[in-house]
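Once you have looked at the hints, place chains E and R on chain G.
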Amino acid sequence: MPPIEREKGKGRREEGEEKRENPGSQFPIPLHEEMDPAMDRRAFLTLLGASLALAGLSGCTLRPPDEKIVPYVHPPDADEMTPGKPLFYATACPRNGYVDGVLVTSREGRPIKIEGNLLHPASLGASDAITQATLLEMYDPDRSQQVMHRGLPGTWDAFLGEANTYMQAQRAVRGAGLRVLTGSVTSPTLVAQIRAMQAQLPAMQWHQHEPISRDNVRAGAQMAFGRYADTLYDFTQSAVIVSLDGDFLLSMPGHVRYARDYAASRRVRTKACGPGQPAREIMSRLYVAESMPTLTGTMADHRLPLRARDIENVARALAQQVGVNGVAPTEPLPPEVAEWVAVAARDLQAFRGAGVIVPGDFQPPAVHALAHAMNAALGNTGKAVRYIAPVEAEPMDQAASFRKLVQDMQAGQVQMLIILSSNPVYTSPADLDFAGAMAKVPMSVHLGLYDDETSALCQWHIPETHYLETWSDGRAYDGTTTIMQPLIAPLYDNTRSAHELLDALLVPPGRAGHDIVKTFWSGQHRGADFEAFWRKSLNDGVAAHPLSLRRRGGTELSSGASVAGQVSLQAANPTSQPGSPSPVPGGGGLELIFRPDPTIWDGRYANNGWLQELPKPLTKLTWDNAVLMSPRTAEKLGLTRQGGTPGTHPESVPVVELRYRGRSVRGPVLILPGHPDGSATVTLGYGRTRAGHVGTGAGFNAYALRTSDALWHDDGLEIVRTDDLFSLGVTHSHQTMEGRDIVRIGSITQFRKDPHNPDGKEHVPNKPPMILPEAPPLPPSEYAWGMSIDNNVCIGCNACVVACQAENNIPVVGKEQVLGGREMHWLRIDRYYTGMDMERPTGTYFMPIPCMQCEKAPCELVCPVDATLHSDDGLNMMVYNRCVGTRYCSNNCPYKVRRFNFLQYADIAPVIQLMRNPEVTVRSRGVMEKCTYCVQRIQNAKIDAEVQDRKVGGDEVQTACQQACPTNAIVFGDINQPDSQVAQLKAEPHDYPLLAELGTRPRTTYLARLVNPNPEMRAE
Amino acid sequence: MRKERPLIYGLMAEFDTPEALLNAAKQARAAGYRRMDAFSPFAIEGLAEEVGFRFNILPWLILIGGFGGAILGYFMQWYGMAISYPINVGGRPLNSWASYVPPTFEMGVLGASLTGFFAMLALCRLPQPYHPVFTAPQFDLTTRNRFFLCLQANDPQFDARRTWQFLANLHPVHIMEVDHDPQDMVAITHRIHSEEM
Amino acid sequence: MAVEHESRQKGLNPPEPVLLPGQTYASIDEQISAIVLKRPLTPGWLFGTLLSFAFIMLLTFTIVYLIARGIGIWGVDVPVAWGFAIANFVWWIGIGHAGTLISAILLLLNQKWRTSINRFAEAMTLFAVACAGLFPLLHLGRPWAFYWLFPYPNTMALWPQFRSPLIWDFFAVSTYLTVSLLFWYQGLIPDAAAVRDRAQNPLKRLFFGIVSLGWRGSAIHWKYYESSYWLLAALATPLVVSVHSIVSMDFAVGIVPGWHSTIFPPYFVAGAIFSGFAMVLTLAIPLRKFYHLEDMVTLRHLENMGKIVLATSLVVAYGYFQETLMAWYSGDRFEWYMVQDRAFGNYSFAFWLLLLCNVVAPQTLWVRKWRTNVLWLFVLSLIVQIGMWTERVVIVVQSLHRDFMPSAWHMYYPTVWDWAALTGSLGLFAGLFFLFIRILPMIPTHEVQKLAHEREPHPERENPAAAAKARP
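Order-wise, the sequence lines are chains G, E and R.
Be aware that the first sequence starts at 0, since it is given in numbering that gives the first Met the number 0, and climbs by one per residue.
Be aware that the second sequence starts at 0, since it is given in numbering that gives the first Met the number 0, and climbs by one per residue.
Be aware that the third sequence starts at 0, since it is given in numbering that gives the first Met the number 0, and climbs by one per residue.
Don't read these hints as lab results, they were simulated from the structure.
Please read all numbers here as calculations on a predicted model, not as lab measurements.
Where is the CB? At the ideal position from N, CA and C, for every residue including glycine.
Mixed in with the good hints there might be a few duds.
Unchecked claim - If you anchor each label on the Cβ, the simulated ranges turn out as follows: (1) Pro152(G) <-> Phe149(R): 56 to 62 Å; (2) Thr261(R) <-> Gly759(G): 32 to 38 Å; (3) Asp331(R) <-> Trp96(E): 24 to 30 Å; (4) Phe145(R) <-> Ala986(G): 46 to 52 Å; (5) Asp331(R) <-> Pro58(E): 47 to 53 Å; (6) Glu44(E) <-> Arg437(R): 31 to 37 Å; (7) Gly83(G) <-> Ile70(E): 48 to 54 Å; (8) Ala278(G) <-> Pro152(R): 57 to 63 Å; (9) Gly83(G) <-> Asp331(R): 34 to 40 Å; (10) Tyr64(R) <-> Gly759(G): 51 to 57 Å; (11) Tyr64(R) <-> Ala703(G): 39 to 45 Å.
This is chain G alone, in the form it adopts within the complex:
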């Protein structure tokens, strides 16, 4: 079997060979010169997209991979592709080394949607925005498609030839001049390969560089336990959660699962509402002390904005009060902070063993050590907090490792450098001149999805296969291992996976990825049942192997008590590690905070239109990053001129120069309510120079300020105002609800008193009386589709927005159009602040707004051509090809959920067309569009039901947004069936329709947001 497959693999290569003999006119590079600066972004994208795509596609034969891949659930032998029938395959999406289990929908051999894998503990069927958007990454016309040699097209063979000579040379010196640079690695196969390499070349060195590094976490564990360990939290077990700058809802590994568990601890029901929603009228309580507003902070019952450097001090105070021996705050706490600490400490004491203290990945090791100590002291260890052996194959102090690498390079000790799917030239700290050092490396090889900043400085660039095209494996935050199977044969012939590259370097000409991975696992799982194991692992997306059973405390560290012992010893006087404040003399008084970008992460997704246009959860900013600061800080610096200035765009904001440690960058200022005073936050990942046609030039590069000794925050920032103004594409600029009854907010205590009005206000009835006589009842329909959205557990993570975008072929419109207020997202997440003072908003609340599918829809009434009308089962439908585009419906929609194609937005690049959902019309210019409750899914369910001669189940249909939601905040179904989950939720007392007073009778209703403040805390 394998040999044949290898032949096939070869065959594929050979086709590629011919292509490579004459790269030909399709070669994309010349277009860089041809680009006309005047051309607007859309025209540009379309043109480039089309041409590049053609260049790539002509070399690509679209088909499933040659090797056997195993579809989800179906019996393994029933996976023949039936045209028109989607197939589902389990695989995993890697980020920062960790993988999230995903389930990919494939149609006619084309992956068209990424969803969570129900069987995978890190997903449980949900997924996050970035993971879903990686689909677009695979089809990105800008992806590197050509082996490059010093900026010119090269061939794989030529590379192999040159690489081999170097390898031979290295063998002579036991690999003393060989360096492999990767990100964090959890892939057992890859580790095995590197180890094999090290075995052959003992003197070689393996360096790791992850821009969003978890060095602090590792160091913290070192400090506490004297060894590396990963921490797992189980929020379902917790009554009191204290987060010390720990954003476990969006940025930590495993955040999808954490969000699910956290939601479970917050969900309030008067009676059981279907699976996972038991009747409970208690909520966990969340305390958050954070350095910049995060989703976790918005969910807090008691949020304490602090400068990043002050978190450690709070941690010490808290530790002291929860009984960790020999710890004391280094400096006295301000009263407000002291109270917060005291109240939180009492609460933690009150719920010993049922609390969690979550340290932030970006806080110094000391904070982690203290957190471990506190959890131990409070007996939370082994319950809501568990420790496992590190999931990373080779944990190391990456900062040090990378510094060492750069030193060696500058010292000329590096003959051959292999960079695997990393972009260090762009992401390396500014104080280490990695780019400069590259010049001293005679043989540098870059494997990457894009021809990026790094590949430009490398001798060789090898285009990488996307993970959806790759055989590989990886482990999740909790150690669960997934064997990753490709959904499709690589779109572009010249691409290689990391496995294939290393294999080819060790044993030229190298094997196909499938063989490498399968051989490795046959080594792991000996025995006759290997094929069964293999199939099952592929099918489930979870490797049925001890390696992955090491989760949920499979191999725990020592018991809580002894951990506490070790911790208390070490944490007594934790020495300040890199990252803790060290004020620079002469520097400005402000603190600079670096954070990963909530959408494009560390910059690797910069060329992903979906993510670029995805409004960032709190700022609702698109296509740019900004210097975030509190209103008061901005006022102090005289930067309050935000918009409204005559002659400038209203979203135009002042541009400032950030001076920090002798370096400076310029960026626009965006005021972020709830940001601590005296500090400014910048997100990484922008200002790319070779990202591609979408990402290049967007935003400013924060890496240019970042130094290796203070990766996350430090003092010494000086902000100098410039006279420039800059327009930011903010999709939701108004901050408050203007006292309108939009998000209903109440306390759990009030809820227990009067569950119908948890906010203690009087409300118009959900169905206000009509002045006009009721319309004669329409023919009773079999189904009545409806949706219930639980504001109480919505964390505003945007997963649903991207899910909707992927499912419904929603176009990307570009920054200029967003500025013009023309973003196309059918589902948006509104963000409102409460409280008079935007400096310290009393709360931040999210509310997903899809189409309400009003029973008395104002939009339908005013359409002159019946282009929008109502179905019997209650859908507010759009007939795209009947729409003439009067836009009256949009004006008359009180929720403003309708979106209009003011220009030709739908991207016509052939390769993008491959990604389209064939069941959803691609809308053309001049046509109105909107959420349809994923009508295509409803229709499929109806067809299946009819075939099987049954009724569609009340919970059978799942909308894309519902499916993606990590917290199960969105529930869809048939409200005609009283036992359906949605019907039960709508029967909940705190269910309410939005803007009920308008009498639109929405089919989408909301559950009130509840908070659980500690009565001991003085009202802020």
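Just chains E and R, lined up with the frame of chain G:
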């Protein structure tokens, strides 16, 4: 300058004031002339009656046109929305009569107006590019500042000499003969007035 | 004449007559048809025409680009999905109304003074409605599919959705255009005949011969003519009221705060007449000057129109007051917020500007001295039109830009193409009007003559000179 012609359309007298014309028309009627017509630059009260105008059917036609349009208008909407292609629009009744009022009204007005205009033309026998009176010298002044009375030859009372005399007694500015060529013109004029009597 | 009487009591000198003495049937006809027949091309006319045609070019280019690129070249967005286009539409329709009002309603009210201005007032109506008609078509996302609003038989057996105010618009505007055209053309027939009879040039005679349909001023013709003319007027009167009421329902039927108001129909109609009469003034004042028609378009006309402008301005002012009052009295949070935002929000400058133009400025007309000051009337007429256009923009844009969901709030900024479409339509209007005054008699000869007749039975006798002049 007086000479006989075998056959003429009629005799035309030119006056320089509306009053003179009106008076002339009265006298002609008194003298028993029936087939005559008067021409003036602007409408003169009562003149039409003197030259034999009787019943004005126009308002009734317009009434019918108006109601016809309105009924058609409502029917179209009701049929389209409730019968031909019933659709649930915003949960409104299929026959949302209140919403159908404006188009109904507009259709009514449209029907009435079109009827009014075209009926007017029809009753005036317009467009009619040629008419014998156009051949009368100075008749072009009828659109300027002269007023004409034309007694037609096909009137039983008509006798060239006596009629001339009769007109002369009315002190016109001029008297002139109106030739007519094609016989059909006679027929047409004949029909007009026979109807109008 | 009540006005005359009362002014005498006040001891003021009697108001200007509607037709100055010394005019004979002949001289009237002479003067009017001369504009069309004798007068050579004046440089002024030429310049005006060329200028307006330049703007027509601009309009054409805008339309081509619009259809090529899409509606996105305008500043519209979500939530402000309607922008200048709709405001222009409402404004133009409104201007049209004065024409119909003058020709129809004043006819029924037997207001003699209308006669000498109704012809070009009607022409103004036609051209204004033509300009108005452009915008609803252009502002469609897919303009080429505009005919889907028309109930025509199609293979999919689809109907337009008659509950939509846009369909009402469609019926109202097309009916209005048709009726105005008929009314205007019928009034033109006798005058065309007059020009036909004056014309020396055979081509012109042919042209006017066709236009006049062989009119020969027979007493019978006059009978039917007048009866149908009066009935058309009687039909046009409710029509003109209905049209702008229906236009106002585009907004009143919507649920948007600032739109959803029962005061809209009367308030829009008043606004329409207001801006319309201003436009008549804007046109009449230069015309009577350049074509020396002061005898026929007298100060009396201007003064009367000034009075109507004042009256309608008061009605409009009442409309503003009502809106605010009801917003406050209803206690509707959204309405009240809208009113506050209108006065102090992002677009407040427009709101105060429109109050200044539509309410404050016209108050000067209480004073006779100002009312009869031709220059001031002209300036005021321009002010009023700016004010009314601003009002339409405020109603459309300001109401939309902040409705129910604060999350969706967004500003609207007109682009260069928005302005191009507006100025282009102005050019179209002016161009059509310049052609009209050259080609067709702009004052109804026969009606003015009748007027002369009613005033003094024997003008010829009284002015032998004029009579002689009139003799060929």
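Right, here's what the structure says about each hint:
Separation of Pro152(G) from Phe149(R) is about 58 Å and conforms to the stated range, judged on CB atoms against 56 to 62 Å. Between Thr261(R) and Gly759(G) the CB atoms are about 35 Å apart, so this pair conforms to the stated range of 32 to 38 Å. Remark: the range hint 24 to 30 Å for Asp331(R) to Trp96(E) is upheld by a beta-carbon distance near 28 Å. A hinted range of 46 to 52 Å holds for the C-beta pair Phe145(R) and Ala986(G), which are about 47 Å apart.
In this structure the hint that Asp331(R) and Pro58(E) lie 47 to 53 Å apart at CB holds, the actual value being about 48 Å. With their beta carbons about 34 Å apart, Glu44(E) and Arg437(R) fall inside the hinted range of 31 to 37 Å. For the hinted restraint 48 to 54 Å between Gly83(G) and Ile70(E), the CB-CB distance of approximately 51 Å keeps it satisfied. Checked against the hint of 57 to 63 Å, the pair Ala278(G) and Pro152(R) passes, with Cβ atoms roughly 59 Å apart.
The beta-carbon spacing between Gly83(G) and Asp331(R), approximately 51 Å, falls outside the hinted interval of 34 to 40 Å. Distance hint for Tyr64(R) and Gly759(G): a CB-CB separation of about 56 Å, consistent with the stated range 51 to 57 Å. A beta carbon spacing of about 42 Å between Tyr64(R) and Ala703(G) agrees with the range 39 to 45 Å that was offered as a hint.
Checked against the numbered hints given earlier, this structure breaks only hint 9.
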